[in-house]
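Undergrad: If you want the building blocks of each chain, they are given just below.
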Amino acid sequence: MKAETLARLNADRATKRGVVLATDLASGEAALLYPPDFASPFGPQAAAAAREAWRSERSGKPEGLDRPLFLNVFAPPARMIVVGAVHISQALAPMAAMAGYDVVIIDPRRAFASEARFPGVMLDFSYPDEAMARLAPDRGTAVITLTHDPKIDDPALIAALGSEAFYIGALGSKKTHAARLARLAKAGFDAAAQARIHGPVGLRIGAKSPAEIAISILAEVTAHRRGAAEPAEG
Amino acid sequence: MSEDPLRAAETWKSQGRKVALATVVATWGSAPRPVGSHLAVDADGNMVGSVSGGCVEGAVVHEAQAAMEDGKTRLLKFGVTNEQAWAVGLACGGKIEILVEPVG
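These protein sequences, in sequence, are chains V and P. If you count by the working numbering, then the first sequence holds residues 1 to 234, one letter each, in order. If you count by the working numbering, then the second sequence holds residues 1 to 104, one letter each, in order.
Just so you know, these hints were derived from the structure itself, not from any lab.
DSS-like, lysine-lysine: derived pairs with alpha carbons at most 30 Å apart: (1) V:2 - P:95; (2) P:13 - V:16; (3) P:77 - P:95; (4) V:61 - P:72; (5) V:16 - P:18; (6) V:208 - V:151; (7) P:18 - P:72; (8) P:72 - P:13; (9) P:13 - V:2; (10) P:95 - V:61; (11) V:61 - P:13; (12) P:18 - V:61; (13) P:77 - V:2; (14) P:18 - V:2; (15) V:61 - P:77.
Partner residues are not named here, just some residues of chain P that face chain V (Cβ under 8 Å, in silico): (16) 6; (17) 7; (18) 9; (19) 10; (20) 13; (21) 21; (22) 25; (23) 26; (24) 35; (25) 36; (26) 73; (27) 75; (28) 101; (29) 103; (30) 104.
Even glycine gets a Cβ: it sits at the ideal position worked out from N, Cα and C.
Produce the entire structure from the sequences given, and follow the hints as far as they go.
TA: Written out as structure tokens, the structure is:
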């Protein structure tokens with residue numbers, strides 16, 4: 001690979017621009033292919049293969065091309081939007097960052113969301129409906145609400161349900177969750193939409209402390225991101 | 001946190017060092033590192049990243065240094081460890097294919 005190609009790839013990764021690196025395994029020639037058209041000197045076959053690799057987020061050697069290409073998909077990092085600057089978030093934010101997520105914590109309550117409590121974490125002090133509109137969760141985003149306060153959690157959940165977020169979870173007991181679903185039903189969300197919300201949030205591992213609950217949440221998010229999730233419980 | 005091999009390769013190159021990059025391009029069975037994993041190597045054998053979690057890195061570094069010298073890319077295949085044959089391989093029983101290419 002040419003040094004310029006490597007430098008450009010690293011710049012794309014630094015600015016979170018998604019790209020597919022195509023390398024001809026015979027000649028070593030490499031090119032960077034960008035969505036949506038993935039145009040390159042390798043031609044239309046490579047573009048079509050790169051589009052498919054990008055869609056499935058799967059790197060590899062596609063079969064049946066006019067030249068032997070390896071396509072390496074560099075998708076922007078997954079994001080985790082956490083609503084509520086609470087104890088669990090203090091554990092969850094650094095854990096999720098280590099697992100490769102770009103983490104944002106939304107909490108309009110300044111007393112909770114202080115930089116001293118969340119060193120190095122991106123904090124958003126606006127109300128969740130505004131914050132979610134700006135952050136625009138997509139298929140690479142997990143949304144987790146942790147405040148227990150319907151005034152803060154519900155608008156975030158409603159925004160998440162209107163997106164392709166790959167995971168939506170809400171902290172709260174079964175009773176709290178039932179009440180939450182009843183409110184969402186009144187707001188016009190059907191059973192299929194309600195079933196997208198994982199509540200109580202997290203895998204059942206007997207978590208008690210905030211850090212353990214963070215582990216259970218991150219484990220469940222991981223299972224969904226990697227396509228290994230159990231079907232949602234009713 | 002471990003260093004990023006692609007950034008290390010760029011930094012080394014900018015310092016005027018010879019650099020090669022190894023990339024896992026295919027795996028069969030249980031493989032220690034997923035497709036797309038990188039290992040950056042310089043002429044002195046410094047390494048950042050991993051293509052197998054340690055099983056075949058020694059052989060890859062050797063090929064990487066050869067690639068820095070002749071400027072050619074290589075495609076390496078490793079299978080199961082064969083102790084009788086003294087060949088490097090993967091103790092886990094998987095197979096991997098690795099592209100080794102000079103940078104620059």
